[in-house]
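Listed below are the residues making up each chain.
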Amino acid sequence: MTGRRGAILLVAPLLLALLVGFIAPIGAFLWRAVADDEVASVLPRSIAVLRGWDGGAVPEAAFIALAEDLREARIRDAETGAGGIARAAARLNAEFPGLRSLLPATGRRVTQPGEEQAKILSAGEAWATQGPWRAIQRAGGPVSDYRLLATLDLRRDGEGTITQAPADARVYRDVLLRTLWISAFTTLICLLMGYPLAWLIATAPPRAQPWLLGAVLLPFWTSLIVRTAAWMVLLQKEGIVNSALLGTGLIAEPLPLLLNRFAVLVAMVHILLPFMVLPVLAVVREVDPRLPRAAASLGAGRLRIFRRVLLPLSLPGVGAGCLLVFVQALGFYVTPALLGGPNDQMLAWFIGFHANRLVDWGMAAALSVLLLAAVAVVIGLYGRLVGFDKVRTA
Amino acid sequence: MRAALWAIGVLVLLFLVLPILVVVPLSFSAGSFLTYPLPGLSLRWYAAFFASDFWLPALWNSLLVGSASAALATLFGVPAAFGLWRADFPGRRIMMAVILAPMVVPAIVVAVALLLAFGPRGLANTFGGLVAAHAMLGVPFVVVTVLAALSRFDAVLLRAAAACGAGPWRAFFRVCLPRIAPGVAAGAVFAFATSLDETVVVLFLAGPGQRTLPRQMFAGLNDEISLTVMAAATLMAALSVLLLGAVALLQRPAR
Chain A
1 MTGRRGAILL VAPLLLALLV GFIAPIGAFL WRAVADDEVA SVLPRSIAVL RGWDGGAVPE
61 AAFIALAEDL REARIRDAET GAGGIARAAA RLNAEFPGLR SLLPATGRRV TQPGEEQAKI
121 LSAGEAWATQ GPWRAIQRAG GPVSDYRLLA TLDLRRDGEG TITQAPADAR VYRDVLLRTL
181 WISAFTTLIC LLMGYPLAWL IATAPPRAQP WLLGAVLLPF WTSLIVRTAA WMVLLQKEGI
241 VNSALLGTGL IAEPLPLLLN RFAVLVAMVH ILLPFMVLPV LAVVREVDPR LPRAAASLGA
301 GRLRIFRRVL LPLSLPGVGA GCLLVFVQAL GFYVTPALLG GPNDQMLAWF IGFHANRLVD
361 WGMAAALSVL LLAAVAVVIG LYGRLVGFDK VRTA
Chain B
1 MRAALWAIGV LVLLFLVLPI LVVVPLSFSA GSFLTYPLPG LSLRWYAAFF ASDFWLPALW
61 NSLLVGSASA ALATLFGVPA AFGLWRADFP GRRIMMAVIL APMVVPAIVV AVALLLAFGP
121 RGLANTFGGL VAAHAMLGVP FVVVTVLAAL SRFDAVLLRA AAACGAGPWR AFFRVCLPRI
181 APGVAAGAVF AFATSLDETV VVLFLAGPGQ RTLPRQMFAG LNDEISLTVM AAATLMAALS
241 VLLLGAVALL QRPAR
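Which chain is which? The protein sequence lines are A and B, in order. Sequence positions in the first sequence follow the working numbering and run 1 to 394. Sequence positions in the second sequence follow the working numbering and run 1 to 255.
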C-alpha cells in the first residue's frame, strides 16, 4: 500500500467506476448533440452521389439514387416498423422546410422502378430546385452543428451561412437569457443577505454563535423538495402569507404569489443562501481582529475600515460563495417546475422536456451542452479572476 | 452600526428558518386546510402517512436506497481518498477532477444521460440502477471528507507501524482507520443525505417500480397539496435534523 503503484491501485476502482458509470454515459449523451445519422441511414446512395455534386444542375444519378433509397427504406420500414423515412424527413425539414411531408410523399410515387426523375418531380415542384438536394447533402452526417445552432436560435440557410431563425421560431435564446438572469439575480440577493449575516455570525459572542450557525445549517440540511413545498404552502392563494396579509387588512384580494417569477426567486434565494453564508463565514472568521483595531488607531473611520480593510480581506469568500450559488442556480429544475409558470422555466426544464416528452435526445443533448458550457464559462472566469487556491468552504 | 448588523442578520435568519418552522405545525392539524389558525391538534395526517401505499413503501425504499448507496460510496471512496493522500502521481489532478465531477455537473444532465445509458441495459427503474446512480453522486462527498480527515492524520504513524512489523493492510486498518473513522462516518452520512434529498435523477431514472420520498413529494405537490404531504415533509425535515446532528457530533474537534 506504499508507493505510487499502491496509491494508484487504490484510486483505480473508483476512477474506473466513474469513467464507466458517469463520464462515459454523459459523453455518449452529449455526443448526440452533434451526431447526425438519421438521413445517412435512410438515403446512403443519394448522399454518396451528392457528395460529388458541385452545386450546378442536379445530376440524374441523384434522382435514381433517391428513388432506390426510398424504395428500400419503405420496405424496411414496413417490415420493422422503424419509421426511418419519417425520422429522416423530420431531420431534413430542419434544413429545408416542407420535406417533412415531401419525402414520404415522394417515397409513395417511386414504388416501381423506371422514370425516376419524372416521378420524383411529379411528387413536388421543389425537387426541380436545388434546395432539397442541398438539404440532403448537408444532413449527410456523420456530424452536424445544426442542433447546437438551434439552441441559440440560429440556422444555416440554403447557402450554408449562419442566419437568425425567424422571429416566431426563436425560443432558446430567451430561455438561456432567463436562466442567466434568474441565476444572477439569485446570486446578487444571496450576497446582499448573506454577507452581513456571515459577519454577524463571525463577530457574535461565542455563546450565540452555535445558535446562529445552526439557524443557517438547518435549512441547508433540509431537503430541497421540502423547502420548495414549504414555499408552495406559504405562497398559495389561500396560503399563510395571503391570509396574514388579508387579516391585517393590507390587501383586499389574495395576491397571486405562486406560479410566477417572484415565487421562483424567493425560493431559490432561500435554498441557495447557505451556500453564500458558509464560504464567506469561513473567510471572515480568519480575519485577524487586530487589523481593524490597527486601522482605527491610525485614524480610519468605520466606513473606511470596512472599505479598505475588511471588505478586501473577505473577497475570496465572496467569490467562492457567488460561484457556488450561481453555478447551482444555473441547473435548477425542481423549484421552477413546481413554483414557476410556463415563462419561468429554466434550461434544465427544457432539457427534461425534450428527453421525456418529445423523446428528442439530440436536442436535449444540445441544450445540455449549452448548460454545461455556461457552467464551464463561470468556473473558468472565476479561476481567471480569483484563482482556485483561494477557495475555502466552511 | 452593531445594532444594524444584528437587525439585518436576525431578519435574514428568520427568512431562513421561518418557512420551515411555520409549515411543520400544519402537519399536526386536526383539520384539512393549509393555513392558520389550526382547528386543533391531531396525528391523523401521520396516521394517514403510515397507512398509505403511496408513502410508506417510498419511505422504506428511500432509506434502503440511501443506505445501499452510502455503503457503496464509502466502499469505493475511502480507498480512493487514501490513495490520493498517500502519494503524488501523474494525473492526480485529472483523477480528482473526475471524482469531483458529479458535484459540478447539473443533476438534469446526469439524469438524462443515465436514463439513456441505463435504459437499453435494463438498469433504469431498478433498485440497482438507482443505487449506482446515487452512489456516484455521493462519492465526492466521501472522498472530500475523508481527505480532510487524512490531512489531520500524521503519516509518520504508518511508518512506525511498518517498523513494528505491520503489513500495509494491517497498518491501515489498525492505525489509520481508527483515527479517521469520524471522517469516514461523516462522509457516509453526507452520501446518505445526498441520496435522501435527490429528486431529479429519481424522477427521470426511476419509474413506478422505484418510488422514493422526494419522488412522491414531487408527485404530491404537482397534484394537490394535502396535509399528508406536509407530514411527509416534516418527517423528511426531522430526518435531516437527525443527520445534521450526527455530522455535528462526528466532526466535533477531538479532545
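Since the hints were made in silico from the structure, they are not lab data. C-beta: ideal position from N, C-alpha, C; glycine also. A portion of the hints provided could be inaccurate.
[Stated by the list, open to error] Short, incomplete list of chain A residues facing chain B, as computed with Cβ under 10 Å:
no.	residue
1	A7
2	T129
3	V171
4	Y172
5	M193
6	P206
7	W221
8	T222
9	N260
10	V287
11	P289
12	I379
13	Y382
14	L385
[Unchecked claim] Selected chain B positions facing chain A (Cβ under 7 Å, derived; list incomplete):
no.	residue
15	F153
16	A155
17	V200
Hints versus structure:
1. A7: Hint holds; A:A7 Cβ to chain B Cβ min 4 Å, cut 10 Å.
2. T129: violated, 38 Å
3. V171: Not OK, violated: A:V171 not within 10 Å of chain B, min 18 Å.
4. Y172: Nearest chain B Cβ about 15 Å off; hint violated.
5. M193: holds, 5 Å
6. P206: Status violated, d = 14 Å.
7. W221: For A:W221, the interface hint holds, since the closest Cβ of chain B sits about 4 Å away, which is under 10 Å.
8. T222: This interface hint holds because 5 Å falls under the 10 Å limit.
9. N260: Interface hint status for A:N260: violated (16 Å vs cutoff 10 Å).
10. V287: This hint is violated: A:V287 lies away from chain B, its Cβ roughly 15 Å from the closest one there, beyond 10 Å.
11. P289: violated, 14 Å
12. I379: holds, 7 Å
13. Y382: The hint is violated - A:Y382 has no Cβ within 10 Å of chain B, the shortest such distance being about 12 Å.
14. L385: violated, 18 Å
15. F153: Where the cut-off is 7 Å and the nearest Cβ of chain A is about 14 Å from B:F153, the hint is violated.
16. A155: Violated, because the Cβ-Cβ distance from B:A155 to chain A comes to roughly 10 Å (cut-off 7 Å).
17. V200: Hint holds; B:V200 Cβ to chain A Cβ min 5 Å, cut 7 Å.
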